[in-house]
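Peer 1: Below are the chains, spelled out letter by letter.
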Amino acid sequence: MRAGRIAAWAVLGLAVLVTVFPFWWMVRTALTDAHHLFSDNFSLWPQHFTWANFKRVLGLSSLAEAQAAGGSGASLDFVLYLRNSVVYTAVVVAVQTLSCAMAAYALARLRFRGREALFSAFVAALMVPPIFTLLPNFALVRNLGLLNTFAGLVAPILLMTPFTVFFLRQFFLSLPREVEEAAVIDGAGVWGVFWRVALPMSRGPLITIALINGVHAWKDYLWPLLVGQEEGSRVLTVALGVFLQQSPNARPDWTGLMAGSTLSVIPVLLLLLVFGKRLANSLNFTGIK
Amino acid sequence: MTATITRGKPAFKPAFKPAHSAEGGQGRHALLFLLPALVGFAAFYLYPSVRGLWLSLTDWNLLSDPEFVALDNYAELATDPLFWKALLLTGYNTVLNLVGQITLALLLAALMHRLTKSVVLRATLLLPWLVPNVATALLWLWLLDANLGFVNQLLDAAGLDTHGFFNAPAEAMPSVAAVTTWASVGYVALLLYAGMLQIPSSVYEAAAMDGAGEVRTFFRITLPLLRPVLALVLVVSVIGCFQIFDTIAVATKGGPVNATKVIYYYIYQEAFTHFRMGYAAAMALSLVLILGVLTWVQMRLMRASDSDLG
Chain Z
401 MRAGRIAAWA VLGLAVLVTV FPFWWMVRTA LTDAHHLFSD NFSLWPQHFT
451 WANFKRVLGL SSLAEAQAAG GSGASLDFVL YLRNSVVYTA VVVAVQTLSC
501 AMAAYALARL RFRGREALFS AFVAALMVPP IFTLLPNFAL VRNLGLLNTF
551 AGLVAPILLM TPFTVFFLRQ FFLSLPREVE EAAVIDGAGV WGVFWRVALP
601 MSRGPLITIA LINGVHAWKD YLWPLLVGQE EGSRVLTVAL GVFLQQSPNA
651 RPDWTGLMAG STLSVIPVLL LLLVFGKRLA NSLNFTGIK
Chain R
11 MTATITRGKP AFKPAFKPAH SAEGGQGRHA LLFLLPALVG FAAFYLYPSV
61 RGLWLSLTDW NLLSDPEFVA LDNYAELATD PLFWKALLLT GYNTVLNLVG
111 QITLALLLAA LMHRLTKSVV LRATLLLPWL VPNVATALLW LWLLDANLGF
161 VNQLLDAAGL DTHGFFNAPA EAMPSVAAVT TWASVGYVAL LLYAGMLQIP
211 SSVYEAAAMD GAGEVRTFFR ITLPLLRPVL ALVLVVSVIG CFQIFDTIAV
261 ATKGGPVNAT KVIYYYIYQE AFTHFRMGYA AAMALSLVLI LGVLTWVQMR
311 LMRASDSDLG
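In order, the protein sequence lines correspond to chains Z and R. Just so we're aligned, residue 401 is where the first sequence starts under the working numbering, counting upward by one. Just so we're aligned, residue 11 is where the second sequence starts under the working numbering, counting upward by one.
Hints in this document: simulated from the structure, not taken from any laboratory. For each residue, glycine too, the CB sits at the ideal point set by N, CA and C. Any given hint might turn out to be false.
Claimed, not checked - Label-pair distances were calculated between CB atoms; the ranges are: (1) K127/R with V579/Z: 24 to 34 Å; (2) L498/Z with D171/R: 48 to 58 Å; (3) L63/R with H436/Z: 55 to 65 Å; (4) L673/Z with T89/R: 48 to 58 Å.
The whole structure should be built from the sequences, with the hints applied where relevant.
Peer 2: Quick look at the structure:
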C-alpha cells in the first residue's frame with residue numbers, strides 16, 4: 401500500500417521532470433557562450449555564462465559583437481517581433497471577445513427570425529478544418545491589398561470564431577433571467593442589460609475564453625507565416641522560423657535559437673504565474689460540456 | 011435583410027420580453043448585436059467555403075485567372091501517390107499520438123485524482139501546451155540533434171545507440187509524434203482529470219467498502235464512467251492530429267524524403283510553394299470530408315457509450 405503511493409508520486413515527479421527539464425535546457429543553452437556550447441554540453445548549469453545571445457537576438461549588439469557571439473550577422477530584432485505578437489494577441493482578444501459576446505447574447509437571449517438557423521450555421525463552421533477556408537481567405541486578403549499588414553493578420557479571427565460564440569452562448573443561456581428582468585424594470589434597455597448586467601455576471605467565462613483565445617493567437621503560425629512576412633507585421637513565431645532558416649544547416653545557431661525561443665516562452669510563463677489557477681480550472685468548462 | 015429582421019413576425023412567442031420593447035422590437039437590437047460577428051462569419055467562413063468549393067474545380071497559380079477544369083483535380087488526387095502517402099502518414103501520426111497521449115494522460119489524471127489537488131502541479135503540466143509549437147519544435151530539434159543533442163548524449167553516456175531522430179526517415183515521424191505528445195499530454199490529462207472530478211465520490215466510497223484495490227477501482231469504475239469524456243477527448247485529439255503543421259514546418263519540412271509529409275503540410279506546399287491553389291483546394295475539401303466522416307463515426311461511438319451507462 402505504502403509502496404504503491406511512493407511509486408505513484410514517483411511517476412508524477414517524473415512527469416514534472418520531463419515537462420520542465422526541456423525548458424531548463426533551453427534557458428541553459430541560451431545563457432551559454434556559443435563557443436563553449438559543444439565542449440561542456442553535458443553540464444546542467446551554464447559553464448560559460450553570458451547574456452550575449454539575448455543581446456544579439458534582441459538587436460542590442462553591434463554586427464561585430466553579434467558575430468563574435470556566434471551569430472551569422474543577419475539582422476535580428478526580437479523586440480519588434482515581441483511587440484508585434486503582443487499587439488496582435490491583444491487586439492484579437494479584445495475585439496473578438498466583445499464581438500462574440502454580443503453575438504452570443506443575441507443568440508441566447510434575443511428573439512428574432514432565423515435565430516436557430518444562424519446558430520446552426522455557426523456550429524457547422526466549427527466543424528470545418530481551418531485549412532479549407534485558409535486558401536480562399538489568403539486570396540481574399542491578398543486581393544484587398546492587406547498582405548503584410550496588421551489588418552490582414554487579424555482579419556479572419558478578429559470579429560468572430562465559432563467556438564467563442566458557442567462557448568459564451570452556453571454561458572448566457574445559464575444566466576438567471578430574473579436579474580435581467582429586474583434591470584429592465586429599472587429602465588435599462590437591451591444594451592444596458594447586456595453591458596451592465598450580463599457581461600459583469602459572466603466575468604469568469606469571459607476571462608477564461610479570453611485566455612484561451614490569447615494563447616491560440618500567441619501560438620499562431622500558419623496564417624501569420626503567409627500574411628505577415630515583412631518586418632512590420634512579423635510575429636514572434638514567424639520570426640523564429642525565419643531565424644532557423646537563416647541559421648546554417650550544418651551548424652545551427654543553437655544559442656541564438658534558444659534565446660529567441662526563451663523570449664517566446666516568457667510571456668506564457670507570466671500568464672501561468674498570474675492566471676495559473678484559472679487556467680488549470682478552466683478546463684472543467686471548455687473541454688467538457 | 012434588414013427589413014425582414016426588423017419586422018420579426020410575432021410567430022415566435024418571446025419567453026422573455028423586456029417591458030420597453032414593442033412587439034418584435036428585439037429584431038433590430040439583435041441585428042446590431044450580431045452585426046460584427048455576422049460580417050466576420052460571412053467574409054471569412056461562409057464566402058471562403060463557397061469559394062473553396064469553386065477553387066477545387068479550377069486550375070489557379072494565384073497570378074493569372076483561375077481556369078475551370080471540372081473534376082480534373084480530383085482525378086489527379088486519386089492517382090497521386092504522395093496524396094495517399096500523406097494520408098497514411100497523417101493516420102500513422104494520429105495513431106501514435108492517440109496511443110501515447112491517451113494512455114499517459116489517463117495515468118497522470120488517475121494519479122492526480124487519487125493523490126493531490128495541487129494547482130501548481132496542474133499548472134506545470136499545462137506549460138508545454140501554452141508554448142508556441144514553433145518554439146517546442148526548435149527546442150526538440152536541439153534536444154534531439156543527431157550529434158550534439160542532449161538526448162543522444164544521454165543515450166551515449168548510458169552506453170546505448172544514438173539516433174538520427176528527425177534526420178532518419180524511419181524515425182522522423184515517430185519523433186514528431188513524440189514531440190506533439192509531449193506538448194499536449196498535460197493538457198489532455200487535465201481534461202480527463204476534470205472529467206474524473208465529476209464522478210461522485212460515493213461511488214468510490216462504495217468500492218472501498220467492497221475492498222476493491224486501486225487498479226481494480228480504476229478499471230471497473232473510473233474508466234467506464236469516464237467514457238463519454240474519453241470519447242470527446244478522442245474526437246478533439248483526432249481533429250488536432252490531422253491538422254499538425256507547425257512542428258513539421260519547423261522540424262522536418264516534410265522530410266527526410268517525404269517521410270513526414272502529412273496532409274496539412276502537403277496542402278500548404280501545393281498552394282504556396284508550387285502555386286497550385288486548385289489542387290490544394292481539392293485536397294482541403296477531401297480533408298473536410300474525411301474529418302466529417304471520422305467525427306460522425308466517433309460521435310456515434312460516443313452516443314453508444316452514453317447509452318451503455320444508462
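Peer 1: Each hint: holds or not?
Peer 2: Consistency of the hints with the structure:
| no. | hint | in the structure |
| --- | --- | --- |
| 1 | K127/R with V579/Z: 24 to 34 Å | holds, 32 Å |
| 2 | L498/Z with D171/R: 48 to 58 Å | holds, 56 Å |
| 3 | L63/R with H436/Z: 55 to 65 Å | holds, 57 Å |
| 4 | L673/Z with T89/R: 48 to 58 Å | holds, 54 Å |
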